[in-house]
Amino acid sequence: MSGQLPTGEVQLADQETFEQALDALLALDPRLVPLVAEAGRPTLRRREPDFAGLTAVVVAQQLSVAAARAISARLHTALGGAPTVDSLLAATPEALRAAGLSAPKIRTLTGIARALEAGEVDLAHVTDMEADAAAAYLTRLPGIGLWTADIYLLFCLGRSDAFPHGDLALQVAAGDAFGLPGRATAMGLAAIAEDWRPYRGVAAQVLWAYYGARRARTGVPT
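The opening position of the sequence shown corresponds to residue 724 in the working numbering, with each subsequent residue numbered one higher.
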């Protein structure tokens with residue numbers, strides 16, 4: 724399998740690599756096979772890496788997909804291209820608000836850009852770090868929690884073992900899939916996911932697809 728990382732993870736660089744990782748995951752835990760049978764094989768989702776990708780993750784927090792895309796497009800226009808540390812810091816608060824960013828997100832993105840500019844965190848440093856350690860390192864950035872860090876690692880860097888165990892949809896999907904009395908707790912889901920290393924991020928995409936398929940079938944908005 725191509726894209727092997729020093730930590731034993733796989734870099735999910737393309738759909739072919741993702742398919743290979745998914746096959747390896749299903750061999751590790753056959754309990755996931757019925758989920759894939761019901762929801763289908765997920766399609767790899769990737770975003771831009773580095774500061775531009777992290778910006779996209781922050782922008783998308785607590786927004787619909789459509790709203791996040793619209794704001795990201797306006798932000799790219801306001802900054803003259805994909806966000807960079809320099810272009811974000813050079814933009815006025817008025818320009819960022821006009822793009823659709825809320826005051827808290829402006830503070831978060833400005834704080835992140837300043838921390839990166841000062842060298843307090845190096846986004847390239849996470850490449851050689853184990854997924855959980857990489858997520859913890861990224862939380863040194865202002866306004867970045869573990870969920871955001873894991874989403875960045877999974878979708879922007881293609882880290883196969885990044886796993887946002889605090890994600891509500893994953894907790895609900897795990898509860899449904901494994902016959903729990905309710906949704907899994909964050910700690911419970913993290914414990915379950917230990918069986919999926921180094922493909923926890925692939926399992927997350929299986930669970931998201933399963934969550935969406937079940938709710939679509941029952942008429943519940945996803």
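You may find that some hints are simply not true.
[As the list claims (entries may be wrong)] Just the calculated beta-carbon pair ranges, DEER-fashion: (1) Ala-939 <-> Pro-753: 16 to 26 Å; (2) Ala-760 <-> Glu-843: 19 to 29 Å; (3) Asp-752 <-> Glu-817: 44 to 54 Å; (4) Arg-820 <-> Gly-889: 45 to 55 Å; (5) Pro-772 <-> Leu-812: 38 to 48 Å; (6) Ala-821 <-> Ala-841: 41 to 51 Å.
These are computed hints drawn from the structure, not numbers from a lab. Fair warning: this is a prediction, and the values are worked out from it, not measured in the lab. Each residue gets a CB set at the ideal place from its N, CA and C atoms; glycine is no exception.
Structure-based check of each hint:
no.	hint	in the structure
1	Ala-939 <-> Pro-753: 16 to 26 Å	holds, 25 Å
2	Ala-760 <-> Glu-843: 19 to 29 Å	violated, 46 Å
3	Asp-752 <-> Glu-817: 44 to 54 Å	holds, 51 Å
4	Arg-820 <-> Gly-889: 45 to 55 Å	violated, 29 Å
5	Pro-772 <-> Leu-812: 38 to 48 Å	violated, 19 Å
6	Ala-821 <-> Ala-841: 41 to 51 Å	violated, 27 Å
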